[in-house]
Amino acid sequence: MLHPTRRGFLAGGAAFTAWASIPKIAYAARPRDPRYLTIILRGGMDGLAAVAPVGDPAYEAVRDDAVMPLSGPNAAIPLDNFFALNARLPTVADLYRRGEALFVHAVQTPYRDRSHFQAQDVLENGMTSDVHHRDGWLGRAIAELPSAERIARQGGFAAAPSTPLVMRGAPNVVTWLPPGLPATSDDTRARLLSLYEHTDPVLAKALAEGLKLEEVAGTESDLAASLDQQMMDMGQVRAIHRQAVSAATAAGRSLAADDGPRVGFLDMTGFDTHRGQRVVDGALGMTLAGLDQVISALRSALGDAWKDTVVAVVTEFGRTVRMNGSQGTDHGTATVAMLLGGAVDGGRVVADWPGLADRALYEGRDLYPTTDLRAVLKGTLRDHLGLDARLLGTNVFPDTADLRPLDGLIRASSG
Amino acid sequence: MRSRALTALTRFGLGPRPGEVAAISTDPVGFVLAQCDRPQSALIDAGLLDRETLREQFMELQGALQEASRAVRTGDTTPEEEEAREMAVQDRSQMVQKLRRDEVSARVDHGLTTDNPFVERLVLFWSNHFAIEWRKAVQVRFTIGLFEREAIRRNVLGRFDEMLIASTTHPAMLTYLDNHRSIGPNSRMGQRRNSSINENLARELLELHTVGVGGGYTQEDVIELANTLTGWNGGIMGRRNIPAFQWRWHEPGPRTIMGTHYTTEGEEQLTDVLLGLAHHPATARHIATKFARHFVGDDAPDSLIADLEASFVDTGGDLKALSLTLLESDVAWDAPPVKTVPPYDFMIGSGRAFGISRLPENFVLRSARDLAQDVWAVPSPAGWPDDDRAFLGGDSLLERMDYVLELVRRHTSVRDVPELAHRLLADDLDPFVAEAVERAEDPSQGAVLLLMSPAFQRR
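Chains A and B supply the protein sequences, listed in that same order.
Counting with the working numbering, you get residues 23 to 437 for the letters of the first sequence.
Counting with the working numbering, you get residues 772 to 1230 for the letters of the second sequence.
Excised from the complex, chain A in its bound form (with noise of 0.2 angstroms):
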């Protein structure tokens, strides 16, 4: 007997259609564009200092003379009657009060050794060791996606300088770079692409694409612009930071945009805070500024996609629980993770708290993951990508069909 054609099964009996159609009617109320960003905070975010349990009877004890203030200019924004945000993340506290921001407490990956190299790889590439380096979580997810869906045929972008660890194995993604280099002129452009619309087709459309994502995500001059506008009130943040505000401008323009990518990347640097790091006004305090001011870049990079969006703000590990003798933080396990973006169901810290109590701590000095971060990935993917949990506990997280993905992290309306 011959397999049923595709077009048979499209012309095929009331009972298949009626169950393949259930979903386009739910698409139809509300036509779906998701996009979906990762960003990853390298060096090791201190869960403790972002998203601070200030109820935990054992905090102040651990946290010595690094306790979050409660009142005063640098006051913390309570989230709850046990954690409280760090008050250099005014844009994050807005989104929470829109009901646009979550935070997972005490996650983890696997990964329970304390490197950043090998942290990051297994973060990155959704496995539980750090010697595969062929493709990532979020390629791969991108990669199951059905071929014709927008999300899928328009790919990622990525601000990196090549295609990051996460986003292998996708099979289109673009990459970005924040401004360096002195620009040349629309003009020389112009001559160039001309030049190889005679010579060199492959060269040719390399060129175009090039310029049409910097048409997307705006030119460099543009850009630096738009910065300077928003820095202005921003003395403190730092140079580095800067760029991680243009990629996020660019990446924010990039999914918006109605042929542009629907899923992007974007990192920032300076979490590993092993000296100075206090809460509001140290190392880590500038960091969390620069980090608020990427989201801020971000939502209104985004416009009206925004409401569209998920953005899961993930770091490699967390920090020591209590402060070291430089008055900075080392290498942990558990810490916070953040979803952000009007598709989220926000305004909640969803956690298993562990304690601080010196017995509950993971080898006596870190906060003990709880949650397995993948489960909070596998839980976005699903519902505001649509894509299959057993696909995701064996092809995008690979030997995790156990590990069942967190529900209610995304607004109904959006899944």
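There's no promise every hint is true.
[What the hints assert, rightly or not] Which chain B residues face chain A? A few, computed with CB under 10 angstroms, are given here:
{"no.": "1", "residue": "D1145"}
{"no.": "2", "residue": "S1151"}
{"no.": "3", "residue": "P1152"}
{"no.": "4", "residue": "D1166"}
[Stated by the list, open to error] Some residues of chain A that are not near chain B, with every Cβ distance over 12 angstroms (derived):
{"no.": "5", "residue": "R54"}
{"no.": "6", "residue": "D102"}
{"no.": "7", "residue": "N103"}
{"no.": "8", "residue": "R172"}
{"no.": "9", "residue": "A305"}
{"no.": "10", "residue": "D374"}
{"no.": "11", "residue": "N417"}
{"no.": "12", "residue": "L425"}
Treat the hints as calculated values from the structure; they're not laboratory data.
Each residue gets a CB set at the ideal place from its N, CA and C atoms; glycine is no exception.
With chain A fixed as given, assemble chain B onto it according to the hints.
Chain B in isolation, oriented as in the chain A frame:
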């Protein structure tokens, strides 16, 4: 069709220098063949540190840091102790920065000035075959330049088995792929404390360096090879003076790897196993395919691959013979230039085109990063991608334009670009390119259009 003279300088070189196409046009094949008789031209001296000096430097700086760190960890740390540790960290990182600048600028200057650019292309090919990411561990940061000078440059026109042994036993490779932490469970050390082997290097040795993905090895072979490798640490281990092969960590016993039984023990065993892998037929096939695709393109014909494979088998992996086989193939000369010139090669090539013999290392390092091919920052042990259109995505061509513009503004005084175009490309100068350069609004625009033209972007 591209002339053989320009092909000699692009597909088999690092881009033409002014006047060079005309100078070699009577015998372009002979020009490249002759380079294969100059293996010495691959070597770089430039006053770089030798292995023993580097090892001493590393042990001194690392030892100071470990001592300072211990003082900090003992509790009630004094501010002086904190400061001492900070100083030790700084001393070490300054040394790493200095080594990187020295090694990279020696490499770049050599590329800009060498009269044997095909030999340098061989260096870049083999360095990418045995790819190492320089930031992985502090030992790697110290020894990455040394690795290329010792394991690669000395062997590019020598023998594959010798290059394989030099690479595998080099401290840079052993630490990059975690072998310095691999301890046999039944070794003298393993019996005293809980320890285990690390398979990382063994797996990449089979998958990437020798027989290749389809080479027919099993997980059992990986474990056996990892056992063979136990004890090999490279001898750069901080304060303690440990031999490059530490027999106390070595898993004793004979091995069977891919059907071959090895009865030698200890240090000698690895040599025997590597010789076995280097001369395995799957290795010949893997290397021949990779070599052909690197120079001729993704669609390099099977006949060429078969010729290279036969040469590799017949000569027992003589790399000079491999190059000669490639250069004696008509198809290698006449296949169209489909490969994109990688950013690093383009950086060198644009310098050669303008007759620049030195570039400041800061400019080079920043440009390499901006062009998405930071030196020795390979994305994985598989090295940089090598397919025809690698490095063509996103805004990469725009970045190249910006790079040429800055190079021209800061490092050259080229005025007459149309004349330069003729000296660089002679009869290969495409009329559209000549016209575009002629009509450019200023020399820097002309230089950008010339260097971005297909003759410099594809090979």
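Taking the hints in turn, this is what the structure says about them:
{"no.": "1", "hint": "D1145", "verdict": "holds, 7 angstroms"}
{"no.": "2", "hint": "S1151", "verdict": "holds, 3 angstroms"}
{"no.": "3", "hint": "P1152", "verdict": "holds, 7 angstroms"}
{"no.": "4", "hint": "D1166", "verdict": "holds, 4 angstroms"}
{"no.": "5", "hint": "R54", "verdict": "holds, 27 angstroms"}
{"no.": "6", "hint": "D102", "verdict": "holds, 37 angstroms"}
{"no.": "7", "hint": "N103", "verdict": "holds, 36 angstroms"}
{"no.": "8", "hint": "R172", "verdict": "holds, 20 angstroms"}
{"no.": "9", "hint": "A305", "verdict": "holds, 14 angstroms"}
{"no.": "10", "hint": "D374", "verdict": "holds, 31 angstroms"}
{"no.": "11", "hint": "N417", "verdict": "holds, 20 angstroms"}
{"no.": "12", "hint": "L425", "verdict": "holds, 25 angstroms"}
Hint compliance for this structure: every hint is met.
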